[in-house]
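There are 2 protein chains.
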Amino acid sequence: MARPTPLSGFPELLPADRFAEQHVLDHLRRTFELHGFAPIETRAVEPMDQLLRKGEIDKEVYVLRRLQAAEGEGDAGVGLHFDLTVPFARYVLEHAGKLEFPFRRYQIQKVWRGERPQEGRFREFVQADIDVVAKDELPFHFDVEIATVMAEALSGLPVPPLRIQVNNRKLLEGFYRGLGASDPAAIMRVMDKIDKLPADAIRELLAKEDLDAAQADKCLALAAIRTPDASFADQVRALGVSDPLLDEGIEELAQLVSALSDVELDGVTVTADLRIARGLDYYTGTVFETELEGFESLGSICSGGRYEKLADDGRNVYPGVGISLGVTRLLVPLIARGHLTASRSVPSAVLVALIDEESRPASNAIAQRLRARGIPTEVAAAPQKFGKQIRYAERRGIPYVWFPAAGAGDPGADEFQRGQVKDIRSGDQVYADAGLWSPPPGDLRPAVITPLDTRGATS
Amino acid sequence: MARPTPLSGFPELLPADRFAEQHVLDHLRRTFELHGFAPIETRAVEPMDQLLRKGEIDKEVYVLRRLQAAEGEGDAGVGLHFDLTVPFARYVLEHAGKLEFPFRRYQIQKVWRGERPQEGRFREFVQADIDVVAKDELPFHFDVEIATVMAEALSGLPVPPLRIQVNNRKLLEGFYRGLGASDPAAIMRVMDKIDKLPADAIRELLAKEDLDAAQADKCLALAAIRTPDASFADQVRALGVSDPLLDEGIEELAQLVSALSDVELDGVTVTADLRIARGLDYYTGTVFETELEGFESLGSICSGGRYEKLADDGRNVYPGVGISLGVTRLLVPLIARGHLTASRSVPSAVLVALIDEESRPASNAIAQRLRARGIPTEVAAAPQKFGKQIRYAERRGIPYVWFPAAGAGDPGADEFQRGQVKDIRSGDQVYADAGLWSPPPGDLRPAVITPLDTRGATS
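Same order as they appear, the protein sequences are chains A and B. Numbering that gives the first Met the number 0 puts the first residue of the first sequence at 0, with every later residue one more than the last. Numbering that gives the first Met the number 0 puts the first residue of the second sequence at 0, with every later residue one more than the last.
Simulated from the structure, these hints should not be mistaken for lab results. Check before you lean on any hint, since a few could be wrong.
Because identical chains cannot be distinguished in the list, a pair is counted as satisfied if it fits within a single copy or across any two copies.
What the hints assert, rightly or not - 25 Å max Cα-Cα, derived SDA-like pairs, lysine to any residue:
#  : residue 1 : residue 2
1  : K207      : A229
2  : K308      : L13
3  : K97       : E11
4  : K97       : L24
5  : K384      : G313
6  : K97       : I107
7  : K207      : D261
8  : K97       : S260
9  : K195      : L443
10 : K97       : A253
11 : K217      : R188
12 : K207      : K308
13 : K195      : A180
14 : K109      : D74
15 : K387      : G426
16 : K207      : Q49
17 : K207      : L443
18 : K134      : D432
19 : K109      : D48
20 : K207      : Q383
21 : K192      : T41
22 : K97       : Q383
23 : K308      : D209
24 : K109      : R64
25 : K109      : A232
26 : K134      : Q388
27 : K109      : T41
28 : K195      : A206
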C-alpha cells in the first residue's frame with residue numbers, strides 16, 4: 000500500500016505533540032474537578048431531529064449510514080454531534096430523574112462538522128465544555144462561577160496570552176430598547192457584524208432599522224467601550240440611555256468583572272467588552288468570547304454564555320450557563336507552527352541498557368523496580384553497543400540510561416539492582432540502586448516546551 | 000420536547016459510574032506509560048478503502064455523508080473506524096518518517112460498529128489498545144512485553160477475576176502440518192469452532208479435510224490442553240507429532256507463560272490454552288483471549304496477538320504485536336448490573352455551607368483555600384437552613400460540610416478561614432482552618448465501589 004496522505008480538517012498529532020495536548024487536557028480536568036464539576040461523556044451521535052433543532056448549523060452535520068443497510072433502509076437516522084451543548088441538553092432531559100440539580104458537569108470530547116477546512120476550522124476537533132444547569136431557576140452567581148472556573152483553567156497554559164471578553168445581552172437589549180429601537184434583537188444582529196463591516200456600513204444597516212444618526216452613534220459608542228473592571232458602567236451611563244433591563248445587565252456584568260478581578264490569573268485577562276454579542280440566538284444574559292494574542296484571525300477560541308432555556312421537557316425548564324473551549328482550535332495552530340510540543344516522544348524517563356540478550360531478565364527486573372516507584376522506564380530493544388543504546392535514548396528524548404552491573408547473577412538478587420545511571424544530556428554518570436534512585440521530578444514526565452518562547456517561559 | 004429515550008447500543012453513564020470508568024482508564028494509562036508506551040489518538044474516520052481491506056467486517060461500518068452535500072456528491076468517502084488496529088497501521092505508514100522504531104503506543108478511543116446491539120456488543124464503545132511495531136523485524140521478547148503490560152494493566156481492576164488465555168498459531172499450524180494435514184489453515188478454521196459445535200460435528204468437519212479418526216482425536220486432544228505454566232509442552236509432545244514450526248511455537252509459548260508466571264498479578268491469571276485460535280486471519284504467532292469470570296457469555300474482552308505484517312508500504316514491512324481491551328464491554332455490563340460504581344456523583348470532597356447570600360465571597364474564599372491544596376470543593380447553591388445544606392451534600396455523596404465562622408469579617412482575613420467541618424457520615428464535627436485541614440486521602444476523590452462485592456473487596 001502506498002503512503003497514506005492526511006485527511007484535510009482531521010488533525011493528528013505525533014507522540015511528543017500529543018503529550019503537550021494531554022498536559023493541557025489534564026490541567027483542564029484537574030481544574031474542573033477541583034471546582035466540583037462532574038465528568039460526563041455523551042455518545043458521539045444524536046438523532047437527526049435533535050441536531051437540526053437549531054436551523055443554522057444543519058449544513059455542517061455528518062449523517063451516518065450503515066454500509067450494509069438493507070435496500071431502502073437509508074440513513075441510520077443519526078448524525079455526529081457538532082457541539083457538546085445539544086447532547087448535554089438531551090442528556091439532562093433523558094437522565095433528569097437521576098441527576099441532582101444544580102448540576103455542574105464538564106465534558107471533553109471530539110465533535111465533528113462537515114465544513115470546509117481552513118486554519119482554525121476543523122472537521123474533527125476536541126472541545127472542553129463546562130456548564131451548570133438547574134431546574135426552573137439558576138441564580139446569577141453561577142455565571143460568575145463559570146467564568147471563574149474557565150479563567151482558572153486557562154491560566155498557566157503553555158500558550159500565548161488569552162483575553163476573555165465578557166458582555167451581557169440584557170445590557171445590549173436594554174440599551175437598544177432604551178434608545179427607542181422597536182426591534183432590539185435586530186439591532187443586536189447588526190452590531191454583531193461590527194468586526195466584519197466598516198462603521199459606515201453599520202450606520203447604514205442601523206438606519207434601515209429606523210435608528211437616526213444620533214442613535215447609531217450611541218450604538219457605536221457603546222460597542223467601543225471596553226474596561227478591565229466595572230468602570231464600563233459609568234461610560235455606559237454617560238451615554239444617557241436608561242432602561243430597567245439595561246440596569247440589570249450593567250449590574251450583572253459589573254458583578255462578574257469585579258469578581259474576576261479578584262482571581263489570580265497567569266496569562267489570562269478578563270475584560271468587559273461591550274462589542275461582544277455572540278451571533279447565536281439562545282443566549283439571554285452573560286456572553287463570553289476569548290482571543291488568543293497573535294492568533295486573532297482564529298476567532299474566539301472559548302465562548303459561551305447564559306441561556307434561560309437550555310432544555311425544556313414540558314414540565315420543567317432547565318436554565319444553564321456554560322462555556323466551551325476549542326482545545327484543538329487553540330493547540331493545533333500552535334503545534335503546527337512549532338510553538339508547542341514536549342521534550343520527548345515517549346513517556347520513559349529511563350532506558351535500561353542491555354548487556355546481552357541473556358541478561359534481559361536482569362534489565363527487566365531493574366526496570367520493574369523503577370516502575371514500582373512511578374518512574375516510566377523501558378528496556379533497550381537490542382543489546383547493541385552502549386553508544387548505540389545511548390543514541391536510541393537520545394532520539395526519543397529519554398534523559399537517563401541505566402547500565403546494569405556487568406556479570407551480575409540472579410535478577411532477584413540485590414546487587415543486581417545496582418548499576419550506573421547516566422544523564423545523557425550532561426554526561427554525568429553515577430552509581431545507583433534501582434530500589435532507591437529517582438530522577439528529579441521535572442524529568443519524570445515529558446515536559447511541555449514552547450520552543451519559540453511565545454510566553455517567554457516554558458511550562 | 001418529550002423526554003428522550005436511549006439509543007440502543009450507545010451506552011451512556013451517569014456521573015458516579017463515569018468516575019468508575021475514569022478510574023479504570025487512568026489506571027490503564029498509568030500502567031501503559033510506566034512501560035514507555037506513548038499515547039496517540041487517531042481521527043475517528045478512515046477512507047472507506049482502508050476500512051474495507053479486511054473483507055469480514057465491512058457490514059459493520061458506519062459511512063459518513065455531509066447532510067448538505069451537493070447533489071450527486073454522495074458519501075464523504077470516509078467511515079467511522081471499527082477498531083484501533085486499522086487506523087494505527089495507517090498512522091504508522093503515514094508518519095513512518097517521523098516515528099522511532101520499535102514504536103510502542105497505547106490508544107484509548109471510541110470505535111463504532113453498525114451491528115445489532117446485544118449484551119456485550121455495542122455500536123459505540125471504548126477500546127484500549129497497546130501495540131509494538133517495528134520496521135522489518137520484531138523480536139519475540141516484545142510478545143512477552145505486550146502480554147506482561149496488559150496483564151499488569153488488568154491487575155487490581157475493580158472487576159471479577161480475569162483469565163488471560165494464550166496460544167501460538169505456529170504451534171497449531173506446525174501441529175496440523177506434522178499430523179499430515181494438507182491445509183493446516185483449514186484445520187485451524189475448523190478447530191476455531193470448538194466452543195460452538197459438539198465434538199462429533201468437529202470430527203465430521205475434520206474428516207472433510209481428509210483427517211482420519213486418529214488424527215481428529217489428536218486435534219481434539221491438543222485443544223483440550225491448558226496449563227498455568229510451561230508444562231503444556233510435555234503434553235503436546237506426548238501426542239507424538241513433530242514439526243519444526245511446532246517446536247518454534249512450543250518454545251515461544253513456553254517462554255511467554257514462564258515470563259508471565261514471574262509477574263505478581265491481582266485478580267488476573269494467565270494460562271496456556273491450546274484451544275485458542277482467534278478467527279481472524281492475520282495473526283501469525285502469539286494469540287490472546289481473555290474471559291471475565293461469571294461473564295463468559297460476553298466472549299473475549301481482551302484479545303490480540305502477533306501479526307508479521309501490520310503494515311507494508313512497498314519498501315518496508317512493519318511487523319507488530321498488540322492486544323486490545325474492550326473497556327466498554329468489560330465495564331458496562333458490570334455497571335448495568337450494579338456491580339460497579341463510585342461513592343459519589345461529584346468530585347467534591349467538601350461542600351462549603353453558606354450562611355447568607357452576602358457572605359458568598361467568604362464561603363468562596365474558604366473553598367479556594369481548600370482547592371489550592373488539591374481538595375475538590377464546591378460552595379452551597381443557596382443559603383438554606385444548614386440541615387438542608389447537609390442533605391444537599393448527602394444526596395451527592397459529598398463526605399464533608401464546612402461551616403464558616405458566623406459573622407466573620409473580611410474574606411481575606413485569617414480568622415475567616417476558620418470554621419467547623421463535619422463528616423456527615425459519622426456526624427463528627429471539628430474546628431478547622433481552611434489553610435491546613437485536609438480530608439483523609441481516601442476521601443479526596445470518589446472511591447470506586449463494587450456494591451455486590453464481586454471480588455470480595457472494594458478498590
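Broken hints, by number:
Failing hints, ascending: 1, 5, 7, 8, 9, 10, 12, 16, 17, 18, 20, 21, 23 and 25.
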